[in-house]
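S.K.: Given the coordinates of chain A, work out where chain B should sit on it, guided by the hints.
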Amino acid sequence: MTYDDILALVAQETRLPPERLHPEATLATLDISSIDMVSMLFELEDRYGIEIQSEELTREMTLRQVFERIGVAVPQ
Amino acid sequence: MTDRVLVTGLGCVSGLGYGVDSNWQAAREGRSAIRDFPMTAGSGVAARVEGEPTAAPHLSTVEPERLRRLGRLDRLSAFTLEAGLEAVADAGLDRHPSLADRTAIVIGCGSGGNAVIETAYERLFARDQRKVHPQTIPSSMIAAPAAHLSMLLGIHGTVFTLSSACASSAHALGEAMHMIRAGRADVVLAGGAEACLTRGSFTGWQSLGVLASDTCRPFSRDRCGMVLGEGAAVLVLESESHAIARGARVHGELAGYGTSSDAVHMTAPDVEGIAAAIRAAHHDARVAFDTPALISAHGTGTALNDPAESAALHRVYGTALGRHRVVATKSAHGHMIGATGAIEFVLGLKALTDNAAPPLLNYLGPDPDCDLPLVLEPEAFEPDVLISNSFAFGGLNTVLVGRRA
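The listed protein sequences derive, respectively, from chains A and B.
Residue numbers for the first sequence follow full-length UniProt numbering, so the first one is 1 and each next one is one higher.
Residue numbers for the second sequence follow full-length UniProt numbering, so the first one is 1 and each next one is one higher.
Since the hints were derived computationally from the structure, they do not count as laboratory data.
Be a bit skeptical, because a hint or two may be false.
What the hints assert, rightly or not - Far from chain B by the CB rule (all over 12 Å, computed), these chain A residues:
1) 1
2) 3
3) 7
4) 14
5) 16
6) 17
7) 22
8) 23
9) 28
10) 41
11) 45
12) 59
13) 64
14) 68
Unchecked claim - Each pair of labels, with its calculated beta carbon distance range:
15) A/1 x B/64: 42 to 50 Å
16) B/208 x A/24: 55 to 63 Å
17) A/48 x B/89: 36 to 44 Å
Stated by the list, open to error - If the Cβ cut is set under 10 Å, some of the chain B residues that face chain A in the computed set are:
18) 67
19) 95
20) 96
21) 123
22) 134
23) 138
All C-beta atoms, glycine included, are put in the ideal place defined by N, C-alpha and C.
So that you can see chain A by itself, here it is in the shape it has in the complex (with noise of 0.2 Å):
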């Protein structure tokens, strides 16, 4: 599981171009509703067996605090 894998991901489930999937943009502000949160979260557990609830994630938080729930490491 690589960061490209789980931003390919995330681009798959809430239908964002890549490119725009800045690691400090927000949830909120990338406009990602709360079904495509759970759909990612969804096929994050369906692919990699990790589990996150999603009470644990907040329309606030940056994609790399997201990648960081999960365990990927943001690329410098």
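M.R.: Relative to chain A, chain B alone:
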């Protein structure tokens, strides 16, 4: 006086292709979309839409941000959106202010998003997984296509899906016509969609014993059943006053709508029920039974439908039947279930406009129980009206009457 209900926009997707022009050209020239349909287990024939509908001519040009808000799309919604976008562009209504509040949407579907549902069930029942994709319900519900179209086009009026099996989109067009007659809307996007060429749905139809193993041969001897198709057709219906005020181009008129319910049997058609719907449609449109008509038959190619429909046509028209011509385009695009009434009305209107009856395909010879004035070769015919029949499981019958512009 009540406004007439005009058709000012057309859009469709079927195995014959994307768009009204390619569908009409194929039907008129007698090309069929019926091909081998291989599945994981077993096989058959079907009229499948080639390619991904999200890459279709209209849908692929929508800004990604507008599309993103709709969530996941089953093929059912993608077909609806493609046909709807084509119809609205054809009507010159794209981003028109009337779309916001004096426009309604009525979409007929026989079933919901089969592919999404089956993917979810496969996880549960075949792989014993605990969860399904969170968007399984919103993207597969039968109301999704109408809702998706309203979201994409910003339509805030009455929006719903209507379901009456194989008559769904014919019912949708008829009920939409009445919404305009009643003054409840100036414009209605009406039609239907179906995406039933999935393993589960196909197998269900196959198990019922109504699918042909070779092809669809309406009213022919040695016919052996129907062939499933898929796709969507959406028409822009508009009150005459609204259409005139904006200088709309008019394809024709939806002049009448007759319905009946056999209330007899779930799958066996009833001759009198069918005849009652045809009579009601003529009455509603004030069209005499001997007015030369292009009759777009339900014509499924099944053992039971075709003789019942033939008997009903004889009962209603009597000796005047010889003045009419009967076509059955399911032999070209397959039985598109929820979409079929609408695409047949689209093709029927094109036939009226061009005075060209599309040929019935795959005919092997006469069946004495289906003695009708069939169009077997491309034929110049100048009917005054279109009579478009749709008869569904459940004995739900709908007949639409079309006129030239």
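S.K.: Would you mind marking each hint as holding or not holding in the structure?
M.R.: Status of each hint after checking the structure:
Its beta-carbon lying about 19 Å from the closest one in chain B, residue 1 of chain A satisfies the requirement of being farther than 12 Å from that chain. Distance check on residue 3 of chain A: its Cβ is at least 23 Å (rounded) from any Cβ of chain B, clearing the 12 Å threshold; non-interface status holds. Every CB of chain B lies more than 12 Å from the CB of residue 7 of chain A, the least distance being 17 Å, so the non-interface label holds. The Cβ of residue 14 of chain A sits about 8 Å from the closest Cβ of chain B, inside the 12 Å cut-off, so the non-interface label is violated.
The claim that residue 16 of chain A lies off the interface is violated: its Cβ sits roughly 7 Å from the closest Cβ of chain B, which falls inside the 12 Å cut-off. Chain B draws residue 17 of chain A into its interface by the beta-carbon criterion, the shortest separation being 7 Å against a cut-off of 12 Å. A cut-off of 12 Å between C-beta atoms confirms that residue 22 of chain A is not in contact with chain B; the least separation is 16 Å. Under the 12 Å C-beta cut-off, the non-interface status given to residue 23 of chain A relative to chain B holds; the minimum distance is some 20 Å.
Distance check for residue 28 of chain A against chain B: the nearest CB is about 15 Å away, which clears 12 Å, and the non-interface claim stands. Here residue 41 of chain A does not stay apart from chain B, with its beta-carbon only about 8 Å from theirs, under the 12 Å limit. At the 12 Å boundary, the C-beta of residue 45 of chain A falls inside the reach of chain B, the nearest C-beta of that chain being 7 Å off. For residue 59 of chain A, the requirement that its beta carbon stay farther than 12 Å from each beta carbon of chain B is met, with the minimum near 16 Å.
Consistency note on residue 64 of chain A: stated as away from chain B, and its beta-carbon is indeed over 12 Å from all of that chain's, at 22 Å minimum. The claim that residue 68 of chain A is not at the interface with chain B holds, since no C-beta of that chain comes within 12 Å of its own (minimum 23 Å). Distance hint check: the CB atoms of residue 1 of chain A and residue 64 of chain B are about 26 Å apart, inconsistent with the given range 42 to 50 Å. Distance hint check for residue 208 of chain B and residue 24 of chain A: the Cβ-Cβ separation is about 57 Å, which falls inside the suggested range of 55 to 63 Å.
Roughly 43 Å separates the CB atoms of residue 48 of chain A and residue 89 of chain B, a value that falls within the hinted 36 to 44 Å. Restraint check, residue 67 of chain B versus chain A: the minimum CB separation of about 7 Å is within 10 Å; hint holds. Below 10 Å, beta-carbon pairs count as interface contacts, and residue 95 of chain B has none with chain A, the closest being about 22 Å; its hint is therefore violated. A distance limit of 10 Å between C-beta atoms decides the matter here; for residue 96 of chain B the minimum to chain A is near 27 Å, and the interface restraint is violated.
The beta carbon of residue 123 of chain B comes within 9 Å of a beta carbon in chain A, closer than 10 Å, and the hint placing it at the interface holds. Hint status for residue 134 of chain B: holds, given a least beta-carbon distance of 4 Å to chain A, under 10 Å. Annotation: interface hint on residue 138 of chain B holds; nearest CB of chain A at approximately 7 Å, less than 10 Å.
Consistency with the previously given hints fails for numbers 4, 5, 6, 10, 11, 15, 19 and 20, ordered from lowest to highest.
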